[in-house]
Amino acid sequence: MQRIGVFVCHCGTNIAGTVNVEAVSDALRKEPGVVFSTNYQYMCSQAGQDIIKNAIAEYKLTGIVVCSCSPRMHEATFRKTAASAGINPYMVEIANIREQCSWVHKDTLTGTEKAIILGRAAIAKVNLNAPLTPGQTPVTKRALVIGGGIAGIQTALDIADAGFPVDIVEKKPTIGGKMAQLDKTFPTLDCAACILTPKMVDVAQNEKIRIFSYSEVTEVHGFVGNFDVTIKKKARYVREDICTGCGACTEKCPQKKIPNEFNLGMDTRRAIYIPFAQAVPKVATIDPDHCNMLKNGKCGVCSKVCTAGAIDYNAKDEFLTEKYGAIVVATGFNPIPMDKFDEFAYSQSKDVITSLEFERLMNAAGPTGGKLLRPSDGEHPHTLVFVQCVGSRCEACAEKGKEYCSKICCMYTAKHAMLTRDKYPDTEVYVFYIDVRTPGKNFDEFYRRAVEEYGVHYIKGMVGKVSPEGNKLKVQASDLIENRQIHIDADLVVLAAAIEPDKSARPLATMLTASMDTNDFFTEAHPKLRPVESPTAGVFLSGACQGPKDIPETVAQAGAAASKVIGLLCKDQLTGNPCVAHPDEMMCSGCSNCEKVCPYGAITYVDKEFRMPDRTTKVRRVAQVNEAVCQGCGCCTVACMSGAMDLKGFKNEQIFAEVDAICR
Amino acid sequence: MTNTKRMKEDILRMSGVNPRKCMKCGKCSGTCPNYDEMEYHPHQFVSMVEEGRLEPLLASKSLYTCLSCMACIERCPRGVEPAKLIEAVRLLKERQKDGNHLTANDIPARIDDDMPQQAIVTAFRKYTK
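Read top to bottom, the protein sequences are chains V and F. Start counting the first sequence at 1; every next residue gets the next number (our numbering). Start counting the second sequence at 1; every next residue gets the next number (our numbering).
I should point out that these hints are in silico values taken from the structure, not numbers from a laboratory. Warning: the hint list may mix true and false statements.
Footprint (simulated), chain F over chain V, 3 or more residues, beta carbon under 8 Å [unchecked claim]:
#1 456-468
#2 476-490
As a list, the in silico EDC-like pairs of lysine to aspartate or glutamate whose alpha-carbon atoms are at most 16 Å apart [as the list claims (entries may be wrong)]:
#3 F/K21 x V/E395
#4 F/K8 x F/E87
#5 V/K208 x V/D161
#6 F/K21 x V/E403
#7 V/K340 x F/E74
#8 F/K24 x V/E395
#9 F/K24 x V/D435
#10 V/K465 x F/E74
#11 V/K407 x V/E216
#12 F/K24 x V/E482
#13 V/K171 x V/E216
#14 V/K400 x F/E74
#15 F/K24 x V/D479
Ideal Cβ placement from N, Cα and C applies to all residues, glycine included.
When you get a sec, could you build the whole thing from the sequences and use the hints?
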């Protein structure tokens, strides 16, 4: 029989406000096995932990039940307390009487009754607990960064700086991401390329960093410290090791009319191309959907002009499997499609553009060489209308917009408006806003400069309709402060499109068993206290894949994720979770059900010799669990027909004892 | 319960609109094709109903100048549906006791040859108690 101590926490008024803690500790004192029961204001405080330690010594406790908050919050705290007082940490059970009781009940009677029942269940379980010892696993000292935008670049540089090798997997032909497409960056207005491209070069030159560009992650196996990742290197039909990036092929290729993704389709590229001048790696790529040679074998111009002999039309996708200790997700974002917002006429007029397209129009390396010209007729626009929150904060139609605020639009719109007025003082610039959100260092000052110094017209209200008429765009909008409807004949309309996570994020999350929210942003382990870690051990988050973010925040998060990775890779051994599956070989029928359901591939079957009662031996096929790989999810225990599989720390008899205690 | 409070509840129940969802962006009024003819604009209907300022709305001609084109419903990013709210205020006004806007005797004088009979019946139903 265990000697159990029960410790009921008030959590200030969080629990004590709805639960009569005195009554709970009195009632639980009468439970079988309980030799001590008390309550205290804050069990997690130093004084609270001392109460537990003293009780362990005084009453020779062998098991602990803490009735407090969720085990996600303080289970580790109390396990440490127990360990320091000489009890096995797995002899501690938490009864969650806060999240699952006091916070959801308003009535003290019901709250108290339920708290007692939850405590009773935990006591019933501890009565059957056995001490557990976690195993140790080695750590592969190499990190994988998925995504080569500013988030991935910064994370990789910081990890490499600590001396660990890093691989970047980028699905596009070059790293750089969205930041490479930007013109200037708020609020300092330094040129994006000037601050990004040196970092790209650093990545290329860093001996610790390998870049897998034009590549994708296709499979992930393993667990924290020991991931096996399969990377698909898409055939680029140009040998990366030989190509010098001279660009001769990209000038001679006869296929000229392919929309250039880098300039968002506002100009064209060839079938063999280098995305932009500062691309890393600076290597040409053949677009197999448009190359004549690959489609019908008639051309071969690029291979003739290539003096290095780098063209290889027979290239195939390559798959390679690498080992990593940690994985950082940095898959970034995209603006949402605008074609469903009929009222803004995006699909009808070339002169209605998105903000990212506007960045390219203003960029010296963009389709117009940095001159602000209307995409339809190449004329200089005089009246510009910026519409904010297009698709952001849009709850009504999930198939069109996003419910959340995209966070970066207020600032980049202020930047666009300011730059337009600065470069072209002959323009009139209107910004329609719902709210101007500028929380950030020097952000509000920046927005006010746009209004006060540059004379941008900020109008509180939303554009209802844009209709192309002749070479003008008729904009109809409301001005809520003056309570009137406005009509503007605009030359260019710029839509601040909402941003969404990259489409590759969802399948990647499945591969990583990392959780996502309903918007496909990766969920962090704790929204405040563990913002750069995924709840899946060994998977870290960097940049906009976790939520909308501007560049300073992304870089900060990238550094934070890198420091978490470094903290992990520094360790030689990781302490595992001892709550793993364990088969009773005498009961195992060798059916393979558990092997099929195991999401981690932790179960294998072996032929084992058993001694029979009549002293003969018999070879039987039985399940075996790799305790280093098992994550303790419990799928196998459910699938096992003969009841041979059990989870340490969550044995079937413990769960039944809990249920019995609840139903008593 | 005060009269205004009851009327507000009636409007919300009839329309099924929750004005608290409004984030005051003004897209409804930006989109309204009959804006200039309306004394109170769609966004004002939403906020005035929420605040319980119903008397000015009930007395306003805006109730009848709304075209019920539903553009505001289509484009509201929060799904507030202002036109349904306006319709509910209109119904509340018409359903008030002794508030006939047409009597049977008024009809003959208003009939012109081009008006379909259906329209006359509809108007009679709509504007009388």
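Against the structure, the hints:
1. Only residues whose C-beta sits within less than 8 Å of a C-beta in chain F count toward coverage, and the stretch 456-468 of chain V has 6 of them, enough to reach three; the restraint holds.
2. With a cut-off of 8 Å between beta carbons, the stretch 476-490 of chain V has 7 residues touching chain F; three or more are needed, and the interface restraint holds.
3. Restraint check: the Cα-Cα separation between F/K21 and V/E395 comes to about 9 Å, which is no more than 16 Å; the hinted pair holds.
4. In summary, the hint linking F/K8 to F/E87 is supported, as the alpha carbons are separated by about 13 Å, within the 16 Å threshold.
5. Note on V/K208 and V/D161: the hinted pairing holds, with a Cα-Cα distance of about 8 Å set against a maximum of 16 Å.
6. For the suggested pair F/K21 and V/E403, the alpha carbons sit about 12 Å apart, so the restraint of at most 16 Å is met.
7. Proposed proximity of V/K340 and F/E74 is supported: the alpha carbons are some 12 Å apart, at most 16 Å.
8. Restraint check for F/K24 and V/E395: satisfied, since their Cα atoms lie roughly 14 Å apart, inside the 16 Å limit.
9. Our distance criterion of 16 Å between C-alpha atoms is met by F/K24 and V/D435, whose separation comes to about 9 Å.
10. About 12 Å separates the Cα atoms of V/K465 and F/E74, which keeps this hinted pair within 16 Å; it holds.
11. Between V/K407 and V/E216 the CA atoms are separated by roughly 28 Å; this puts the pair beyond 16 Å, and the hint is violated.
12. Distance restraint check for F/K24 and V/E482: the Cα-Cα separation of roughly 14 Å lies within the 16 Å cut-off, and the hinted pair is therefore satisfied.
13. Distance check on the hinted pair: V/K171 and V/E216 sit about 5 Å apart at the alpha-carbon level, within 16 Å; holds.
14. Restraint check for V/K400 and F/E74: satisfied, since their Cα atoms lie roughly 12 Å apart, inside the 16 Å limit.
15. A hinted pair counts as satisfied when its Cα atoms are at most 16 Å apart, and F/K24 with V/D479 qualifies at roughly 11 Å.
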